[in-house]
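Student: Sequence:
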Amino acid sequence: MHSLLERIKAGTLWDFHGGIHPADNKLQSSLSPVVDAGLPPRLIIPLRQHAGPAGDLLVQVGDKVKKGQPLTRYAKGRVVPVHASTSGTITEIANHTVAHPSGLGDLCVILTPDGKDDWGERNGKPDYWNLERGELLERIQQAGVAGLGGAVFPTHSKLDGRGQLTEILIVNGLECEPYITTDDRLMQQYADEIMDGIRVLKHLLKPKLTLIGVEDNKPEAIEQLTRHATDEDVLVKTVPTKYPSGGAKQTIELLTGRQVPKGGRAVDIGIMVLNVATVFAIKRAIIDGEPLIERIVTLTGDSFKKPGNAWVRLGTPVRWLLQRFELQPEAEQRVIMGGPMMGFTLPHAMVPVVKATNCLLAPTQAELPAPGPEQACIRCSACADACPASLLPQELYWYSRAKEYDKAEKLNLMDCIECGACAWVCPSEIPLVQYYKIAKDDIREARAEAEKAERAKQRFEAKQARFEREKAAREARHAEAAAQRRQTMTAAGGEDPVAAALARIKAKQDTPITAIAATAEGLPDNSAVIAAREARKREAEARRAAKLAESANSETAAAPQSAEAVDPASDPKKAAIAAALARAKAKKAAQAGDSAEPVAAEAVAAPAVDADQQKAEVDPKKAAIAAATARAKAKKAEASGEPVSAANSAVADAGSQGDAPSAASEAVDPKKAAIAAAIARAKAKKAAQQGDSAEGDLTANTGTSESAATQSDAPSAASEAVDPKKAAIAAAIARAKAKKLAQQGESAGAEDAKSEPAASAQTRDMTVAKSEVTTSQSDTAASEAVDPKKAAIAAAIARAKAKKLAQQSASTSAEVENAGAGVESAGTQVESAGTEGERAPAEPMQSDAASSEQPLAVAEAPEARAPAADAPVDPKKAAIAAAVARAKAKKLAAEAARAAETAAEDAPSADRTTTR
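Take 155 as the starting number for the sequence shown in this note's numbering and just add one per residue.
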């Protein structure tokens, strides 16, 4: 460094790569002295005029402020305040267009001057050498001083930190941008104050050497600075005119021959560079106590009538300045803030002057033509030759245009100083600098997002670490509290309950687990588990069997009682109808005397039941009518003085139960139905042991069908579950029996007519009953083809019924009374509904027909419900038998219809008698 200083003092100069020599056009404004622009009627003061965040507002709308009063608060970091440019009133705080290439708005304070221009408190320190370094930096920050060369970087931040390692202080007065002469006029008119500012910086930074660089196109400024630079360590260095020699890196290389590292700063090599206007502002802030509220602005261009330099208050609208300096605009007049190389065109003239505003250029179209349309790059490399940063502009252009920012960064895009030399020499008129600015903004935004994400990550990790610490502390507290509780419980009970529980758990875990053996094939042997499962299944089956046995015993004991205790009140309407029919039939039978014609009519009509009527055998209404018919017959026999058999009594009892709806009978358990059938067979066998009588044969004709109804009422529910095929076969067998019975009845009636011309219908009924027994015996073989067991049961029942009815015909009147009592006990509902039934007219013909149809249909049901155990049914044989049965049934129906017509002729006389 010592040899470098010696070479610098000896007058050595260096050069930088590239550079251009555009026309400087400085004489338009540099020949006239700086004037005061005056006080505008309104000031627009943006809150952020530097490279950093804005401070917090200290004023509100309506506040009165003094000149130099802070409007925002300063803080640590890169925050610098803004001040009132004059005294006045705050009339508005709102967004307004600011001096930026984007033309966007920012928060601004609108100040209306009061014309007094009164200063606020000023606290200058001419004896600055008595102040500490930190106090000096704070005063510079409070004054709002920022870099006035164009970068507006906060000066206090630049001087702090590594600034104390400065060995060479460079005051940049080169001002290489064409048209701009602010620094030139400042050095010409205020050289002594600039030297005072240099002394403040020397006291603050302690540099070994101070250099003032000036281009050789400013002779007056060089003369004034040389005259006032009396310090031995301060040198005024004159350099050749070349653009952009005013750049910080290019100035360092020109005056010291050293280059700033890629991505580094000048302070990294011990050099501090400050603009001459910034040094002047530091002098005003420290020695005079004045904040940065105004600056020199160059107003130049052929459109101005009076170009020159002026002191302009910060916040002054550009429009007012243009009028103040007599702008003579032309069509599509442009106003450029800055120079022609690095400046930008304002969106409109109502933009305020800020700290970075050093020039307002209003050129004519002939003076500074607008750039032509962009054309394709011809790869001439003129841009690379002119680049002062030794970059590759054409490559950066391609990558920036394609937004391949990673490749552009590798080519040191961020080292571009945006001087515009590449665009100035480009023959294709490509706005290269605009591409670079956009790429830089995108890269900075991406970096800001990454930094934001990193900070969020750090905050999250810190939060998680705090949670972990809190969790550990909480668990420690809980463990301590648990230990105290255990100690207390141990002291009270003598044993630690937690330890005891843990011991039990450990003992349970230590219990050996029975391993599953493996077979020879390597598969697990589960025989023990399977055996245990089978044992459990057998135990469950045994329990179910025991429950079924208990239920069967209880149902067997309750079956006789349930057969007699069916409550007819389950359907009052049906009970009333049955009662009315029963009373009508009783009256008819009492007045008919010994005539047995209705009985014969019923016997003849019974075979006429066709398939459709048999399908309706489970109709509850028909069942109720059949029961009522049985009870009416019993009362008729009692009224006429004829003996009533026990079978009729049983029929009456069962008939009262038959009044219940079929829905109840459908829900009967098949086991219960089987028990009821067994009881019926036992009764039939007992009745068969009684004697025979001719009169009993007549009664048997009616009792046979009615006792069949008695047996069919109990197991009627089971018939619902019978296979339809079996039911069809049983119906066919029944129709065959009915047809055969009708034929035998006709033959028997013919013989009786020959032997006894005056024979009554009662004799014919007896013959029909006997022929029915014979038919049931002769059809046993046919029924065995379907189901031998069912056929045997049906035949036995038929024989037992015939014998029982024959024996009961000779019973005494006491038996008749007992049967009547049974009829009364079973038909309680019928008698209770008698009053209502008196209103219903009796219809003997329909009642007799229903009573003759229902017993026959129900009597066939036990055969269909009998369990099949011996031989399976052949479907083909069953179908043939069903077809044969249907043919016989049709023939039998025709004969039964003729017999019914004969019986109907006798019915009107009985009806008339009943009505009377």
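These aren't lab readings, by the way, just hints derived from the structure by calculation.
In this text, all values refer to a predicted model and were calculated from it rather than measured experimentally.
Ideal placement from N, C-alpha and C gives every residue a C-beta, glycine not left out.
Don't take each hint at face value.
Listed next, with one range per pair, are the computed distances between beta-carbon atoms [claimed, not checked]:
hint, residue 1, residue 2, range
1, P501, P207, 35 to 45 Å
2, S256, L167, 37 to 47 Å
3, A556, S157, 16 to 26 Å
4, E528, L185, 23 to 33 Å
5, N249, G165, 49 to 59 Å
6, A305, D281, 28 to 38 Å
7, A305, E528, 40 to 50 Å
8, G165, T499, 15 to 25 Å
9, A619, P501, 24 to 34 Å
10, A619, G231, 23 to 33 Å
Student: State for each hint whether it applies.
Tutor: Going through the hints against the structure:
1. P501 x P207: 35 to 45 Å: The hinted range 35 to 45 Å is violated for P501 and P207, with Cβ atoms some 24 Å apart.
2. S256 x L167: 37 to 47 Å: holds, 39 Å
3. A556 x S157: 16 to 26 Å: violated, 47 Å
4. E528 x L185: 23 to 33 Å: violated, 38 Å
5. N249 x G165: 49 to 59 Å: For N249 and G165 the Cβ distance comes to about 53 Å; the hint holds.
6. A305 x D281: 28 to 38 Å: holds, 31 Å
7. A305 x E528: 40 to 50 Å: Given about 28 Å between the Cβ atoms, the range is violated.
8. G165 x T499: 15 to 25 Å: violated, 42 Å
9. A619 x P501: 24 to 34 Å: violated, 50 Å
10. A619 x G231: 23 to 33 Å: holds, 27 Å
Against the hints set out earlier in the document, violations occur for numbers 1, 3, 4, 7, 8, 9.
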